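Please construct the entire structure, taking both the sequences and the accompanying hints into account.
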Amino acid sequence: MNLSIDVTNNEGVSNVVLTGEVDAFTAPKLKDTLLPLTKEQGHVVEVDFQDVNYMDSTGLGVFISALKSTKEHGATMRLVHMQDRVYRLFKITGLTEIMNIESTVQGGM
Amino acid sequence: MEPFDFVEVKVPAKADYIGVVRLSTSGIANRMGFTYEDIEDLKVAISEAITNAVKHAYQETGEGEITIGFGIYQDRLEVMVADHGGSFNLGEVKEDIGPYKQDDDIEELREGGFGLFLIDALMDKVEINSKYGVIVLMTKYLHETGVGQDGDQITTPQ
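Line by line, the protein sequences give chains A and B. Once you know that position 36 of the first sequence is 36 in this note's numbering, the rest is easy, because the numbers rise by one and skip nothing. Once you know that position 150 of the second sequence is 150 in this note's numbering, the rest is easy, because the numbers rise by one and skip nothing.
Partner residues are not named here, just some residues of chain A that face chain B (Cβ under 8 Å, in silico):
id, residue
1, Glu21
2, Asp23
3, Tyr54
4, Ser57
5, Thr58
6, Leu60
7, Ile92
8, Thr93
30 Å max Cα-Cα, derived DSBU-like pairs, lysine-lysine:
id, chain 1, residue 1, chain 2, residue 2
9, A, Lys29, B, Lys14
10, A, Lys29, A, Lys68
11, A, Lys91, B, Lys55
12, A, Lys91, B, Lys14
13, A, Lys71, B, Lys55
14, B, Lys10, A, Lys29
Incomplete in silico selection of chain A near chain B, CB under 10 Å:
id, residue
15, Asn2
16, Ala24
17, Phe25
18, Thr26
19, Ala27
20, Pro28
21, Met55
22, Asp56
23, Gly61
24, Ile64
25, Arg85
26, Arg88
27, Leu89
28, Leu95
Simulated from the structure, these hints should not be mistaken for laboratory data. Keep in mind that this is a model prediction, so the values were computed, not measured. From the three backbone atoms N, C-alpha and C, an ideal C-beta is built for every residue, glycine too.
Spelled out as structure tokens, the structure:
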């Protein structure tokens with residue numbers, strides 16, 4: 001029921017590995033970590049969802065504001081290794097249309 | 001009256017406890033024979049309802065309790081989430097929900113607006129009563145694949 005956030009920075013790319021659950025309790029921490037990374041021109045933020053086993057609309061909210069921030073500052077964000085269950089939430093809310101998402105093994109939908 | 005079991009859980013109106021209710025939810029839904037996918041849907045929908053209740057309670061007083069009631073029926077699970085603060089403006093809440101459409105400007109994207117929309121998308125039936133505080137009543141039916149005991153019983157979501 002917790003979320004751990006691991007950030008590694010490497011030549012203009014931040015790799016953010018999430019492990020656990022993103023809900024109203026853990027989302028503020030995620031937002032505080034993620035947002036500053038999106039404010040640098042040309043920077044790439046890659047978020048690894050491999051070990052995210054739960055997410056709800058509070059998580060979607062964080063990625064919406066991160067996306068907005070990348071557009072404002074000329075950075076880019078991609079979400080990788082997303083599990084089907086989590087991908088489904090991006091899909092039904094229409095966010096797959098505007099976010100760069102790469103889902104995991106079976107390829108999502 | 002139709003027989004059912006009732007489980008009630010009461011937690012402080014704090015985000016810290018949403019995960020605890022999620023665990024209770026998956027325990028109950030698993031016990032009833034819901035599929036893995038349906039259990040995940042239930043977890044999201046119930047968390048959304050509690051998140052709304054927590055936000056609301058926090059705006060009002062910063063404290064309080066949230067009551068979650070599980071009505072366990074032969075063919076369905078009914079979940080009631082009640083915050084006992086004042087009522088929020090339903091019209092306002094409804095205006096704020098909905099999926100993103102590609103022709104919307106990105107600046108228009110709402111950060112917090114997907115909660116009710118997801119509840120509606122993931123449950124079979126959703127009712128909101130704001131007479132005494134706000135009560136969200138959500139129903140999910142057990143579908144054929146999840147039942148097994150009663151072969152001739154067909155459940156139809158309405």
